[in-house]
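Enquirer: Residues per chain are reported as follows:
Number of protein chains: 2
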Amino acid sequence: MTSISQNQSEFQEYLKEMNAYREAITLIQWDLRTKIPKKGVEQRSEVVGYLSHKLHQMETSDKMKSFIDALNEQTNDEVLQKTVLECLDTYEKNRKIPDEEFREFVMLQSKSESVWQEAREKSDFGLFQPYLEKLVDFNKKFANYWGYEENIYDALLHNYEPGVTVKTLDQVFPKVRESLTGLLSKIQSSTVKPDSTILNTHFPKQGQKEFAIEILKRMGYDFESGRLDDTIHPFAITLNINDVRITTRYDEQDFRMAVFGTIHEGGHALYEQNISNRLAGTPLASGTSMGIHESQSLFWENFLGRNKVFWDSHYELFKKYAPKHFDNISLHDFYQAVNEVKPSLIRIEADELTYPLHIMVRYELEKALINSEIEVKDLPHLWNEKMQDYLGIKPSNDREGVLQDIHWAGGDFGYFPSYALGYMYAAQFNNKMKDAINMDDVIQSGDFTKIREWLTENIHQYGKMKKPLQIVEDVTGESLNPDYLVSYLTEKYRNIYQF
Amino acid sequence: MTSISQNQSEFQEYLKEMNAYREAITLIQWDLRTKIPKKGVEQRSEVVGYLSHKLHQMETSDKMKSFIDALNEQTNDEVLQKTVLECLDTYEKNRKIPDEEFREFVMLQSKSESVWQEAREKSDFGLFQPYLEKLVDFNKKFANYWGYEENIYDALLHNYEPGVTVKTLDQVFPKVRESLTGLLSKIQSSTVKPDSTILNTHFPKQGQKEFAIEILKRMGYDFESGRLDDTIHPFAITLNINDVRITTRYDEQDFRMAVFGTIHEGGHALYEQNISNRLAGTPLASGTSMGIHESQSLFWENFLGRNKVFWDSHYELFKKYAPKHFDNISLHDFYQAVNEVKPSLIRIEADELTYPLHIMVRYELEKALINSEIEVKDLPHLWNEKMQDYLGIKPSNDREGVLQDIHWAGGDFGYFPSYALGYMYAAQFNNKMKDAINMDDVIQSGDFTKIREWLTENIHQYGKMKKPLQIVEDVTGESLNPDYLVSYLTEKYRNIYQF
Chain A
73 MTSISQNQSE
83 FQEYLKEMNA
93 YREAITLIQW
103 DLRTKIPKKG
113 VEQRSEVVGY
123 LSHKLHQMET
133 SDKMKSFIDA
143 LNEQTNDEVL
153 QKTVLECLDT
163 YEKNRKIPDE
173 EFREFVMLQS
183 KSESVWQEAR
193 EKSDFGLFQP
203 YLEKLVDFNK
213 KFANYWGYEE
223 NIYDALLHNY
233 EPGVTVKTLD
243 QVFPKVRESL
253 TGLLSKIQSS
263 TVKPDSTILN
273 THFPKQGQKE
283 FAIEILKRMG
293 YDFESGRLDD
303 TIHPFAITLN
313 INDVRITTRY
323 DEQDFRMAVF
333 GTIHEGGHAL
343 YEQNISNRLA
353 GTPLASGTSM
363 GIHESQSLFW
373 ENFLGRNKVF
383 WDSHYELFKK
393 YAPKHFDNIS
403 LHDFYQAVNE
413 VKPSLIRIEA
423 DELTYPLHIM
433 VRYELEKALI
443 NSEIEVKDLP
453 HLWNEKMQDY
463 LGIKPSNDRE
473 GVLQDIHWAG
483 GDFGYFPSYA
493 LGYMYAAQFN
503 NKMKDAINMD
513 DVIQSGDFTK
523 IREWLTENIH
533 QYGKMKKPLQ
543 IVEDVTGESL
553 NPDYLVSYLT
563 EKYRNIYQF
Chain B
73 MTSISQNQSE
83 FQEYLKEMNA
93 YREAITLIQW
103 DLRTKIPKKG
113 VEQRSEVVGY
123 LSHKLHQMET
133 SDKMKSFIDA
143 LNEQTNDEVL
153 QKTVLECLDT
163 YEKNRKIPDE
173 EFREFVMLQS
183 KSESVWQEAR
193 EKSDFGLFQP
203 YLEKLVDFNK
213 KFANYWGYEE
223 NIYDALLHNY
233 EPGVTVKTLD
243 QVFPKVRESL
253 TGLLSKIQSS
263 TVKPDSTILN
273 THFPKQGQKE
283 FAIEILKRMG
293 YDFESGRLDD
303 TIHPFAITLN
313 INDVRITTRY
323 DEQDFRMAVF
333 GTIHEGGHAL
343 YEQNISNRLA
353 GTPLASGTSM
363 GIHESQSLFW
373 ENFLGRNKVF
383 WDSHYELFKK
393 YAPKHFDNIS
403 LHDFYQAVNE
413 VKPSLIRIEA
423 DELTYPLHIM
433 VRYELEKALI
443 NSEIEVKDLP
453 HLWNEKMQDY
463 LGIKPSNDRE
473 GVLQDIHWAG
483 GDFGYFPSYA
493 LGYMYAAQFN
503 NKMKDAINMD
513 DVIQSGDFTK
523 IREWLTENIH
533 QYGKMKKPLQ
543 IVEDVTGESL
553 NPDYLVSYLT
563 EKYRNIYQF
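Chains A and B, in that order, give the protein sequences. Residues in the first sequence are numbered consecutively from 73, following the working numbering. Residues in the second sequence are numbered consecutively from 73, following the working numbering.
Quick caveat, the hints were computed from the structure, so don't treat them as lab data. Hints may contain errors.
Identical copies go unnamed one by one, so any copy, or any two together, can satisfy a pair.
Unchecked claim - SDA-like mimics (lysine to any residue), calculated; alpha carbons at most 20 angstroms apart, straight line:
(1) 391 - 519
(2) 265 - 563
(3) 88 - 130
(4) 110 - 299
(5) 289 - 108
(6) 538 - 528
(7) 88 - 129
Bound conformation, chain A alone:
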């Protein structure tokens, strides 16, 4: 009979192998999105496909199952325990789907993404519809394989926000929605009209980059464990906990893209750079959920980056890197401009107040789809109706409506709620942080170490050792509570719009 300790050391060797594949795949993905020359892509895609297949095989092998069986509940080592549970979750998620169906789904995914791209360009939902129908069907089937207690959509949510259910969401989302639409109508009837167009001027890339790097350093982003590169669709990516890279895109007519984008991705990266070293090499060395990850990026982007005290104390620094144009814009006008609220059709261009409403539209539709309450063919007009209801504007075509996001085309259902959850978590953390830190003083000082340390102490270090709602409870003493987001936005925009 094999002893626990022998199983344990073999298991750790096995995890190291998996990790080697994972790190190689991640480097390839980073390269594919930042550096690779055009003609090299085709062959590289084969390589990543091959290595991903190897990793998938290891995650779902009989050998993995035997490790899990031998070690589960057989150890007092907390890290090992949770590692085994994490492996079990991945194992079951994958093994419950018949091989043949999984293969079909993977092929459908990549085909669908390219069809979606074409449909989006042509603004023709009809092209994409048959693919989306199949993707929805697969998701329903998979959800049934995985199992759920109350709502079939819960099985999908589990992949992105384990522990959060439709029941939870349906308690908080409508409240947020109603508060935000209420705020929005007050904002729209205010006589105060911040004007973000004053921000549009030629701002050379180099200056934007230097300012963004200065802010990243103040946040505590460690450039000896990371780097900043250019890309088309910005992202943060973890090669290992000592190599967490960020990327950004520069719009020389609108600095907000790169500046707020870098702070956002920097927030994701800080999370991963500060996971405890004892988790290195295990599958726990990663953010615990999409929602908690988004709480970190949104905290830095909005609660710090769009904060009044931040600009009070950083506008002079900003002007050192910025074109002369800004010398003629007062701090007051600048601050108001970066916080202009204006309903828009495209989610990723939305301001911080209307953003959650974009998420509600998507959540309600995908939940209804998975619950077979609506049909794919009805999506375009249902989308437009909801946009009208919540934001008061209506897409004039599918491209600026239902076809704008890649998520569904990639087969990802259950992902969207994370964005809104992350925002609520961020507001809860922000509120709690105030008890420990004089935020205004810290922000004013230009050295944000105390904020970063508080986040590391309370959130970062745990990686996947705690589930998202457990983190929220441990940190704030209560469960998910949308009131903090609502009061934050109410207070902030009441000041800006004077209602």
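For this one, chain A is given, so just place chain B on it according to the hints.
Expert: Structure of chain B alone, referenced to chain A:
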């Protein structure tokens, strides 16, 4: 019984797997040498070690042997035939060494490199000596495992320049050496004294880079299948034949480092970018030997980049990117300066005439070591004596003498001759090319396509389909012949130094 065609398709699947590992490893190496943040290196080294081990296992597996046995001499498909032979060569090279010894050697290699680094910094050969002794012993043992006909050193040469033997080298190297020392003494007694110090002026990196890129484009380097990055020790690297990257280093006080360096690496890259597509994914899709590779880089660097007509027609272009300083340097003085001959102690800083003499020193010493005619402990003074004999100068310490190169520390014996062979091949190719192309016209035109096409037609396309000496014979109609290099150098330097 398994049919040939079934074996063939399984073999090709197997090669694809190997290729995925190889490409992932190569990307990691590129990243390690260009982009990785400092703290990420340690974990990344583990990943590359793991993937290299997997690749090594596949190259030497029983399964590989069974493919070789089933397919060797069983097919008329030339590419498949040579692929099998290439795999057999790798298989045997590795399998002939007992596992335990190979493991010891790999550990010794990495330890030796770090000891060498320290020894070099302290200029203390004694530190490195015991490691070098073991490395020499391993190489002797391996050479005996691999086998040879006449000289034990031939077994090592085979790894870098298959088909070339000590017999060949000992026919050509002494001739070259005598001719070059003769030329050198004439140059040294000439009253003409080109002065390369006039080239040393502040030349901002950006301008150097733009000029280098312009030349790379004229050479036909395809930026859609490659890219140029910064590094410390410049190299070219092939991810796949549609992704061949080059790197360079900028010295803002000496543009020659980046400009000639980029042309050199560009020459390597052109070789790999232009290998026939039918070899893609096989182990044949690579330069056939170190020597032929070096013939390509040296052809472009010296025969084009240090050519009179090149500067006649490109000095004006150069000055567009260069600082005003060069407006006061005549074309004549500039050309003479980039071709100054001056014996120096460090190989990688040598001019094109004395460079082969540095190689002779190393070749003669390593051949004698492997043949047990000298001992490691005697290397420092033997090195210094040979430098005195061939170049007329003597290192004052080990750092600028025997400790300057990494090759031996990495366990690589038999590699150095490639540099001199490559130079001779380049001269032979250059001579032959003149029959087909009016070189002066082509160089003058600034569009070097015809040169690149000739090289692709005659050399690049074949990858490893032809052995080095076969290429030389097919292209030039004769075997290795040092006379072309000697006459090229004689004619060129007679003009420059007026003797």
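Enquirer: With 20 angstroms as the alpha-carbon cut-off, assign the pair residue 538 and residue 528 to within, between, both or neither.
Expert: within (13 angstroms within a copy, 59 angstroms between copies)
Enquirer: If the cut is 20 angstroms between Cα atoms, do residue 88 and residue 129 qualify within a copy, between copies, both or neither?
Expert: both (15 angstroms within a copy, 17 angstroms between copies)
Enquirer: How would you classify residue 391 and residue 519 at a CA-CA limit of 20 angstroms: within, between, both, or neither?
Expert: within (19 angstroms within a copy, 46 angstroms between copies)
Enquirer: As a check of your reading, is residue 289 near residue 108 (CA-CA no more than 20 angstroms) within one copy, between copies, both or neither?
Expert: So residue 289 and residue 108 pass the 20 angstroms test across copies only (18 angstroms; inside, 28 angstroms).
Enquirer: First find the shortest C-alpha distance between residue 265 and residue 563 inside one copy, then the shortest across copies, and answer within, between, both or neither for a cut-off of 20 angstroms.
Expert: Cα proximity of residue 265 and residue 563: one copy only (17 angstroms, versus 79 angstroms across).
Enquirer: Could you figure out if residue 110 and residue 299 sit no more than 20 angstroms apart (CA to CA) within one copy, between two copies, both or neither?
Expert: between (22 angstroms within a copy, 10 angstroms between copies)
Enquirer: Given a CA cutoff of 20 angstroms, do residue 88 and residue 130 count as a within-copy pair, a between-copy pair, both, or neither?
Expert: Cα proximity of residue 88 and residue 130: in one copy and across copies (11 angstroms, 19 angstroms).
Checked against the numbered hints above, the structure violates none of them.
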